[in-house]
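Note that the protein sequences, when read in sequence, are chains A and B.
As numbered in the working numbering, residues 5 to 423 make up the first sequence, in order.
As numbered in the working numbering, residues 17 to 137 make up the second sequence, in order.
Since the hints were derived computationally from the structure, they do not count as laboratory data.
The structure presented is a predicted model; accordingly, all values stated were derived computationally and were not measured.
The beta carbon of each residue, even a glycine, is placed where N, CA and C say it ideally should be.
The reader is advised that the hints may include incorrect statements.
To be verified - Some but not every residue of chain A turned toward chain B, in silico, with C-beta under 7 Å:
#, residue
1, G392
2, E402
3, A404
One letter stands for each residue in the lines below.
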Amino acid sequence: MPTTVSSSDTAWMLIATALVLVMTPALGFFYGGMVRAKNALNTMMMSYVALGFVGIAWALLGYSLAFADGSGFLGDLRFAFLRNVGVDAKGTIPHILFASYQGTFAVITAALISGAIVERMRFGPYLTFITLWCLGVYAPIAHWVWGGGWLGKLGALDFAGGTVVHINAAAAALVGAIVLGRRKDYMRQAIIPQNVPFTLLGTGVLWLGWFGFNAGSALASNSIAALAFGNTMFAPMATLVVWSLLDLTRTGKTTAIGAATAIVVGLVAITPAAGFISPLSAIVLGAIAAPASYFAILYRSTTRLDDSLDVLAAHGVGGTVGALLTGILAQKSWNGVADGALFGNPRQLLIQLAAVLATIVYSTVATYVIIKAIGFGFSLRASAKEEGIGLDVTQHGEEAYSRGEGAILVPADGGGAQI
Amino acid sequence: MKLVVAIVRPEKLNDVLEALYRAEVRGLTISRVRGHGGETEQVETYRGTTVKVELHDKVRLEIGVSDNFVKPTVDAILSGGRTGEVGDGKIFVVPVEKVYRIRTGEEDRAAVTPIDAETVG
Chain A
5 MPTTVSSSDT AWMLIATALV LVMTPALGFF YGGMVRAKNA LNTMMMSYVA
55 LGFVGIAWAL LGYSLAFADG SGFLGDLRFA FLRNVGVDAK GTIPHILFAS
105 YQGTFAVITA ALISGAIVER MRFGPYLTFI TLWCLGVYAP IAHWVWGGGW
155 LGKLGALDFA GGTVVHINAA AAALVGAIVL GRRKDYMRQA IIPQNVPFTL
205 LGTGVLWLGW FGFNAGSALA SNSIAALAFG NTMFAPMATL VVWSLLDLTR
255 TGKTTAIGAA TAIVVGLVAI TPAAGFISPL SAIVLGAIAA PASYFAILYR
305 STTRLDDSLD VLAAHGVGGT VGALLTGILA QKSWNGVADG ALFGNPRQLL
355 IQLAAVLATI VYSTVATYVI IKAIGFGFSL RASAKEEGIG LDVTQHGEEA
405 YSRGEGAILV PADGGGAQI
Chain B
17 MKLVVAIVRP EKLNDVLEAL YRAEVRGLTI SRVRGHGGET EQVETYRGTT
67 VKVELHDKVR LEIGVSDNFV KPTVDAILSG GRTGEVGDGK IFVVPVEKVY
117 RIRTGEEDRA AVTPIDAETV G
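Make the full structure from the sequences, and use the hints.
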């Protein structure tokens with residue numbers, strides 16, 4: 005391990021960190037466009053507040069639990085409160101930059117879960133949930149795979165977070181959707197997106213940020229970063245093409261929400277594989293990811309499971325397809341680390357499967373414990389009346405599209421009443 | 017003929033439409049309106065500026081019906097739109113002098129009778 009800071013690696017990772025951070029607001033737009041107008045701010049806030057609550061939980065404790073040495077299952081408290089995290093080299097970049105970069109992952113992973121529970125969860129319990137989830141679920145799994153834990157030692161390949169980020173968030177999302185229950189209008193009336201352009205905008209910024217997510221996961225400005233960058237570009241392109249053709253054949257029309265979903269699914273699927281497979285394999289991977297998630301979404305919407313914005317179908321299915329295909333398509337001649345089943349190493353596929361299953365089991369159980377524990381002390385759900393009025397007004401005292409008619413000013417000394 | 021004008025809560029609109037559908041009332045116009053019916057004001061805050069929103073979002077339905085459809089229409093709106101709290105809205109039943117269907121030039125009762133109902137009998 006080099007112990008000196010490389011200025012070229014540092015320059016790239018500074019930019020990559022900023023790119024990944026912006027993915028969380030972008031996710032807010034992606035999700036916010038797909039809910040009803042009365043819940044637009046609430047949905048976007050679910051992403052934005054993760055920047056604060058999860059980010060600080062990460063700095064104070066999460067980073068240490070994930071990346072300090074400790075055991076194979078959890079890091080110790082050597083880096084708690086960012087003690088011993090200085091400007092000295094961690095790999096070839098300053099340690100504080102590494103901790104910041106990893107913090108941006110913790111933030112967006114927690115925010116991803118919100119897609120399954122929008123339009124019905126009270127905000128206080130949500131804040132409590134994502135904060136505890138970052139420490140109790142994200143940090144341990146990050147440790148297993150990237151922090152020197154048992155899955156990493158087993159040889160599991162997860163370049164930028166197929167298991168740690170996407171499968172993990174999707175398992176938690178499924179638990180959240182089941183524990184919270186369906187929205188009262190689900191399957192009773194049409195719930196349609198309030199602002200599709202927001203969703204398209206969010207998708208574009210997510211793709212931009214994802215270059216930092218995947219190419220940054222090389223933790224260096226080198227050829228593996230370039231490979232991950234190319235794959236992050238080509239795989240979603242293939243997903244978009246296949247998805248659009250599926251849409252076109254099935255309904256005769258190519259939808260905008262479909263295109264946005266396709267791009268995200270492609271990005272999710274390439275995430276674990278980005279620095280491990282060839283660009284042509286990435287195109288194949290992206291193409292395969294499309295029908296898997298496409299039909300998962302179609303099926304889900306016929307069930308009583310109100311995973312409102314299809315976190316399971318996009319991130320769970322996409323992440324699993326990506327993680328398993330990494331075990332098939334990995335090529336040592338490209339990555340210098342390991343071959344996959346297609347290149348003479350079938351054992352890699354089993355290791356990938358073990359990593360996927362371990363993540364699903366731990367995330368499901370631990371998320372259930374956390375959300376039930378919070379539900380013990382607080383009511384998780386907004387009342388039916390609040391759900392009817394919308395969570396923007398009832399949880400935040402604001403409206404996304406207020407015209408100001410009939411709004412009268414309350415003098416500053418007039419008690420300052422606020423919901 | 018009567019024109020039934022109802023002001024209801026937007027979040028109850030779907031229940032009202034379902035009730036109207038079950039009562040076989042077809043053909044209506046809705047518009048988004050804002051109004052005040054004595055309910056408590058909603059308080060909102062923007063960058064420290066606190067405002068009371070006196071006018072609430074409501075939906076206005078306008079339904080032209082023949083006389084024997086007035087009661088089913090009103091009953092459907094009453095059952096679908098009621099929460100029991102202040103702000104549920106109002107129903108006005110207004111006499112109508114003349115109705116024309118633009119497509120055919122039909123008048124009055126024929127003009128407010130939906131075509132699918134005609135074919136059924």
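Evaluation of the provided hints:
The interface hint given for G392 (chain A) is met, as the beta carbon of that residue sits about 4 Å from the closest beta carbon of chain B, less than 7 Å. Because the smallest distance between the Cβ of E402 (chain A) and any Cβ of chain B comes to about 6 Å, under 7 Å, the interface hint for this residue holds. Proximity of A404 (chain A) to chain B is violated relative to the hint, the smallest CB-CB distance being about 12 Å (cut-off 7 Å).
Comparing the model with each earlier hint shows a violation of hint 3 alone; every other hint is respected.
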